[in-house]
Structure formats: C-alpha cells, structure tokens
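Protein chains: 2
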Amino acid sequence: MPEIDFWFSIGSTYSFLTVMRLPDWARERDVTLRWRVFNVRHVMTEQNNIPFANKPQKSAYMWRDIQRRTAKYGLRCTLPAPYPISDLPLANRVALLGLRTEWGIPFVRNCYRLWFEDGVEAGSEANLTEALHRADQDPMQVLARAQDPETVAALAAETEAATALGVFGAPSFVVRDEVFWGDDRLEDALSWSRLGHVA
Amino acid sequence: MPEIDFWFSIGSTYSFLTVMRLPDWARERDVTLRWRVFNVRHVMTEQNNIPFANKPQKSAYMWRDIQRRTAKYGLRCTLPAPYPISDLPLANRVALLGLRTEWGIPFVRNCYRLWFEDGVEAGSEANLTEALHRADQDPMQVLARAQDPETVAALAAETEAATALGVFGAPSFVVRDEVFWGDDRLEDALSWSRLGHVA
Numbered sequence: 001m002p003e004i005d006f007w008f009s010i011g012s013t014y015s016f017l018t019v020m021r022l023p024d025w026a027r028e029r030d031v032t033l034r035w036r037v038f039n040v041r042h043v044m045t046e047q048n049n050i051p052f053a054n055k056p057q058k059s060a061y062m063w064r065d066i067q068r069r070t071a072k073y074g075l076r077c078t079l080p081a082p083y084p085i086s087d088l089p090l091a092n093r094v095a096l097l098g099l100r101t102e103w104g105i106p107f108v109r110n111c112y113r114l115w116f117e118d119g120v121e122a123g124s125e126a127n128l129t130e131a132l133h134r135a136d137q138d139p140m141q142v143l144a145r146a147q148d149p150e151t152v153a154a155l156a157a158e159t160e161a162a163t164a165l166g167v168f169g170a171p172s173f174v175v176r177d178e179v180f181w182g183d184d185r186l187e188d189a190l191s192w193s194r195l196g197h198v199a
Numbered sequence: 001m002p003e004i005d006f007w008f009s010i011g012s013t014y015s016f017l018t019v020m021r022l023p024d025w026a027r028e029r030d031v032t033l034r035w036r037v038f039n040v041r042h043v044m045t046e047q048n049n050i051p052f053a054n055k056p057q058k059s060a061y062m063w064r065d066i067q068r069r070t071a072k073y074g075l076r077c078t079l080p081a082p083y084p085i086s087d088l089p090l091a092n093r094v095a096l097l098g099l100r101t102e103w104g105i106p107f108v109r110n111c112y113r114l115w116f117e118d119g120v121e122a123g124s125e126a127n128l129t130e131a132l133h134r135a136d137q138d139p140m141q142v143l144a145r146a147q148d149p150e151t152v153a154a155l156a157a158e159t160e161a162a163t164a165l166g167v168f169g170a171p172s173f174v175v176r177d178e179v180f181w182g183d184d185r186l187e188d189a190l191s192w193s194r195l196g197h198v199a
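Chains as they are written, first to last, in UniProt numbering: chain G, 1 to 199; chain W, 1 to 199.
Okay, chain G solo, but in the shape it has when bound (with noise of 0.2 Å):
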C-alpha cells in the first residue's frame, strides 16, 4: 500500500524538480509513492488561481528558485524552459496510459528532461515522440490511445479526484485525507505519513 500518493501535471515546472529527484528519494527512504496525473491546468483555471501569466518578477523569481534548487538536488538543466507549454492534455493523457503499465515514469522523467535540459517544449509532437522511444514505446500507437475517449474520460476523472482531495496545484503529495502542496513539502509528506505531524 503506497504511503504517499504524487500527484502532477506535465506542464508543471515545480514538478521538474519532484519527476527527478524522487525515484532515489524514495529508495533511500524506502518508501512507496503513487503516481497520480491530472490537469493541473483545468483546476487552477476553474479556482481563478493563475500564479505566473503577466507576473514577470515573480515568473523571473520561480526560474531563479528552479535553477538554484536544481543544482541541489544534483539535476541538470537550461533555464528558463519554454513556458507555457500549450497542450497540456495530451502529454498527461500519455502519462495516464504509462502509469497503467511500467513505462509511465520512466516516460514522464524523459518528457521533462527534454523539457528542461533541452528546450523541447512538453507537450509538442518532438517532445512526445521522443519521449516514448526512450521508455520504449511506439509513439504512433501510443498517441492514437491517448486520444481515444476512454483516456480523455480517465484523465478527466483523475482531475475530479484530485479536486475532491483537495489538490489545487502541482506537485502535491497526499498522506490519507492530507495534502501536501509543492516539491518543497516532500519531507512534510513523509513525516505525516510516518508520524502524524511534521517534524
């Protein structure tokens, strides 16, 4: 039974810092998280909460705080990545379909190392493509199931959930009935799910 479920979007840039660093996070703490994908996008547009678009300190700010953290974290990148990436739905549906199966993660971590290292916007035809040949998979066959509609059902249907949970951005992590809301609260995350409280 996974402690934490991750929930995230493509098209998130926080997200870059969580998709790397927590394969070996959780190993050396031996603890399981649950991938969860959802439209960051849908919720944040419904709740009126659009952090970043005509903001230049505070998008100038959040490339800053990425970069500076990357480099904590060991990770590499070329910043600022393009941003906004436009279509959001799809690279997720992608994900959706990855995560039913063992290919999501490693999918997901090649989407945003082209994102992030190489300026491939998330998202795109390149990006995606290339993407699903690093998790070995074939891209034509792939995209056509993630336009079928029982995939634009489920990522709809995952984004209800996690708006039932309470998430309202990404990444956030959620320990029973409690989210935990940036790559920042991770350690919050694990402490909850451990003890209770944050420690």
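Quick caveat, the hints were computed from the structure, so don't treat them as lab data.
Take the hints with a grain of salt, since some may be wrong.
All copies of an identical chain are treated as equivalent in the list; a pair is satisfied when it fits inside any one copy or across any two copies.
In silico EDC-like cross-links for lysine to aspartate or glutamate, where the CA-CA straight-line distance does not exceed 16 Å [to be verified]:
hint : residue 1 : residue 2
1    : Lys58     : Glu178
2    : Lys58     : Glu46
3    : Lys72     : Asp24
4    : Lys72     : Asp184
The hints should help you fit chain W onto chain G, whose structure is shown.
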C-alpha cells in the same frame, strides 16, 4: 555586517512563522539578520499578484500548512487568524520606527502573537496599542510619530528598495543580490550566504 536581510510585512501570514522562529534560529546558527519592513501589499497590487483573494481552496490550504508548520516549530496559534487585515501601512510604519532602535523586533513579535494567538487583527488599534505596551513603548506617542510624513516617506522608500532588489512577496531573504522568497527558503538563504549555493 549582517549576512542576510529579512524583508517582512505585518499582514503577511507566512511571515508569522519567520518572525516567531527567527531569533532562536539565528542564535543557534550564529547568523545576523537585518530586519527590514516594507509594504508588501503595495508591491503585490502593482504586480497583479493577488494569491489568496477569491481562492477558497488555496486559502484553506495556506492556513492548514501554516498550522502544521507552527507545530513543527513549537509555536502556538489559533487559526484562521483575521485575514486580510484592513490597515497594513500603519502597523508597518510603527515597525519601521521600532527597527530604528531596539523595540522593533519585540513589537513585531507581539503584534503577530496578538494576531495569531489571540485573534486581534494586526494593525487594529487594540493590536497596536497592546503590542506597543508589551514592547515598553507609549502607544499615543508612537502612533502619532507613525502618522508623520517622514515616517510615511520612509516606509515608501523601503518598499521601493525592496522592489528594486526583486522582492515581490513576504517574507523574503536577500543575500547580496540573491532573493529567497518564503519562510521555507530561510535555510537556502543561509546556505547561499555561506557557500554561494543552496545545499
């Protein structure tokens, strides 16, 4: 020479955490912080950065997150505290006067205590009067000086200085020309001041 400038605004909710934990934190790490007050609402309004108004989910999360971290730091609070506060400039002008001498920090901490522990709105007459009493000041005299045009101009000048540094929210920490935003970036700021990177 202080290593870190601590920029805050009475009225900022997350600044409660920093204001209350900072003196012990700094003593334990042998670090000097210079407390600097500005009018964050002015900056945020100018930058179209309104994080909580009309965002009930995000606001509810903010209080919960603050509550969890209050417990983590061994602080006390009764949440939610009155928010937003109606008269932010007056309280911050009083703080500015106090920070010129020795009673600034005791005043700010008592102002936050009254606001977060006892539900007495920061910046209200009851709040300022009692916080000044606790800081051994004469409220009548100080409140009169806080209305002085020189004091008004001084807070405006500090607000401009903060903006020029790239500060867009409170609390923020500035090390040389590097800005760190949020109580949860205090450790990053210290690391930057000592190592030149975030460890």
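Next on the checklist: Are any of the numbered hints broken by this structure? If so, which, sorted upward?
Outcome noted: none
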